[in-house]
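Heads up, the sequence shown is in numbering that gives the first Met the number 0, so the first residue is 0 and it goes up one at a time.
The set of hints was computed from the structure by calculation and includes no laboratory data.
Warning: the hint list may mix true and false statements.
As the list claims (entries may be wrong) - Within a straight-line C-alpha distance of at most 35 Å, the following computed DSBU-like cross-link-like pairs (lysine-lysine) qualify:
id : residue 1 : residue 2
1  : K51       : K35
2  : K51       : K186
3  : K75       : K199
4  : K51       : K199
5  : K51       : K75
6  : K186      : K199
7  : K199      : K79
8  : K79       : K186
9  : K186      : K75
10 : K79       : K35
11 : K35       : K199
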Amino acid sequence: MIIVHHLENSRSQRVLWMLEELGLPYELHRYERNVKTMLAPPELRRVHPLGKAPVIEDDGRVVAETGAIVEYLVGKADGKLGPPPEREAGLRYRFFLHYAEGSVMPPLLVKLVLSRVPVMGRIATRRIQPMIDVHLDFIEGELAARPWFAGDRLTAADIMMSFPLEAARARGGLDESRPATIAWLAKVHARPAYQAALGKGGSYAYA
0 MIIVHHLENS
10 RSQRVLWMLE
20 ELGLPYELHR
30 YERNVKTMLA
40 PPELRRVHPL
50 GKAPVIEDDG
60 RVVAETGAIV
70 EYLVGKADGK
80 LGPPPEREAG
90 LRYRFFLHYA
100 EGSVMPPLLV
110 KLVLSRVPVM
120 GRIATRRIQP
130 MIDVHLDFIE
140 GELAARPWFA
150 GDRLTAADIM
160 MSFPLEAARA
170 RGGLDESRPA
180 TIAWLAKVHA
190 RPAYQAALGK
200 GGSYAYA
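Make the full structure from the sequences, and use the hints.
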């Protein structure tokens, strides 16, 4: 059985959602952040040297990094939630699978860090927001063109995109001025598998 090492209020919520969508059995090990530093507890280093979540264990393997875990699970589920067969849809799938963490998440993280720096941090965040807006406008255009990121059905690319868009909704300027993205988030949150993952994963600020 797959073991999921899950940290509260983190990217690892996506792994739980994906497992629920796939219907794969798993065992959940939950961890809480340090209330002062908000960092993961040192116990996670016993699972993987980086000491971060998510991490899964399966058949003697330890797999870290959300994107790598997602691709591993697609393979384990014989391609379910994987790339669509159509070439263009498959290319979109691969793009958004990597774009989530490679492009859109970094400026959101920078904004979060700077927002905690008194005075100068608040000034600096105003320079970051236009960078985030470029991504949000691009995403809005994509979701206005199709119901899911790759095409007509939910894929792992949507699961990967959920965390940055939930973060953008909470602190990155995503609001009703981008209705297609807001509608996509509502559709995600309404899915039974998403709700089941929330019930098992515990506290999650972005849902």
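Status of the hints after comparison with the structure:
1. K51 / K35: 17 Å, holds
2. K51 / K186: 29 Å, holds
3. K75 / K199: Holds: K75 and K199 sit about 21 Å apart, inside 35 Å.
4. K51 / K199: 19 Å, holds
5. K51 / K75: 23 Å, holds
6. K186 / K199: 20 Å, holds
7. K199 / K79: Distance of about 22 Å is within 35 Å: holds.
8. K79 / K186: Holds, at about 19 Å.
9. K186 / K75: Holds, at roughly 26 Å.
10. K79 / K35: At roughly 40 Å apart (the allowed maximum being 35 Å), K35 and K79 break the hint.
11. K35 / K199: 25 Å, holds
The structure fails to meet hint 10 from the earlier list, while all remaining hints are met.
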